[in-house]
Amino acid sequence: MAEVTASMVKELREMTGLGMMECKKALTEADGDMKKAEELLRIKSGAKALKAASRQAAEGTVGVYLSADGSKGALVEFNSETDFASKNADFLGLAAALAKNVAENNPADVAALMETMIDGEKAEAKRAALVQKIGENMNARRFARIASNTVASYVHGGGRIGVLVEYTGSVDIARDVAMHLAASVASTRAVCVSKEQVPAELIENERKIFSAQAAESGKPADIVAKMVEGRINKYLAEVTLLGQPFVKDPEQTVEKVLKAANTTVHSFQLYVVGEGIEKKVVDYAAEVAAAAQGL
129 MAEVTASMVK
139 ELREMTGLGM
149 MECKKALTEA
159 DGDMKKAEEL
169 LRIKSGAKAL
179 KAASRQAAEG
189 TVGVYLSADG
199 SKGALVEFNS
209 ETDFASKNAD
219 FLGLAAALAK
229 NVAENNPADV
239 AALMETMIDG
249 EKAEAKRAAL
259 VQKIGENMNA
269 RRFARIASNT
279 VASYVHGGGR
289 IGVLVEYTGS
299 VDIARDVAMH
309 LAASVASTRA
319 VCVSKEQVPA
329 ELIENERKIF
339 SAQAAESGKP
349 ADIVAKMVEG
359 RINKYLAEVT
369 LLGQPFVKDP
379 EQTVEKVLKA
389 ANTTVHSFQL
399 YVVGEGIEKK
409 VVDYAAEVAA
419 AAQGL
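Residue numbers for the sequence shown follow this note's numbering, so the first one is 129 and each next one is one higher.
Treat the hints with care, since some could be wrong.
Said to hold, decoys possible - Here are the simulated distance ranges between beta carbons:
hint, residue 1, residue 2, range
1, 234, 286, 24 to 34 Å
2, 297, 259, 35 to 45 Å
3, 149, 394, 30 to 40 Å
4, 379, 340, 30 to 40 Å
5, 344, 156, 18 to 28 Å
6, 134, 376, 42 to 52 Å
7, 220, 340, 41 to 51 Å
8, 256, 195, 23 to 33 Å
9, 196, 218, 22 to 32 Å
To be verified - With a straight-line Cα cutoff of 25 Å, these simulated PhoX-like cross-link-like pairs (lysine-lysine) come out:
hint, residue 1, residue 2
10, 172, 362
11, 387, 153
12, 384, 362
13, 163, 152
14, 228, 250
15, 354, 376
These are computed hints drawn from the structure, not numbers from a lab.
Ideal Cβ placement from N, Cα and C applies to all residues, glycine included.
Please build the complete structure, drawing on both the sequences and the hints.
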């Protein structure tokens, strides 16, 4: 039996918003498996899955580049240690230059990106000089590039969120859709354009959870099946761009808005600063106390 620690209980509580005892019981039942414990709690209480953004954090900016003719666009997540550094003009300038190099040079990976040239110097040399100047570690973490059809972009939160939308049709509508995608981060984030693109494993996982929840209702099997299908359809509407209520007119779906404007969205890229990076929690009081003992 795996040990269930207080930190594990705390993490699961933050993920689900449920009580400590419920979380501890679920972790014990799941033998310490965090993902399994979360699913158990969802089945028993209907708790929603954790939004990734709520448990992930890091500082930095998303550099965004869009060519003048809209034929190429790129995003680069450029991270720093503090929010203060991420607002530095040189830091922001380097992030923007890296995004341009992604769009224009199409590097294979981050290492290749840092070998590209910026004002006669390698990007890596620019980064190293900026580290020395500001006194913080900083790195390009990931990038995305779109260079087909036409591209619209949107930046939110001073560079905390960057969006690219590949489309044909109205540029104004495409920009509105990019803004909509940025807004979806705070509620239910779109994972793909249409329901046909939702990964089968995601649907199967949700179906398993919905089935377990519905079964606990004690209703007949045929009613349970209908309940599950209804939940699946609702889930698909929530996580697909086309199925979501349009942020500027919630009475219409994004699909209807696009159709009315004779516009098609082919794909999108959305970056949120710090996604997938667990932010280190520093106990400053403990550090001060430890330092005092050493005096």
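List of violated hint numbers, smallest to largest: When the structure is compared with the hints, numbers 3, 11 and 15 turn out to be violated.
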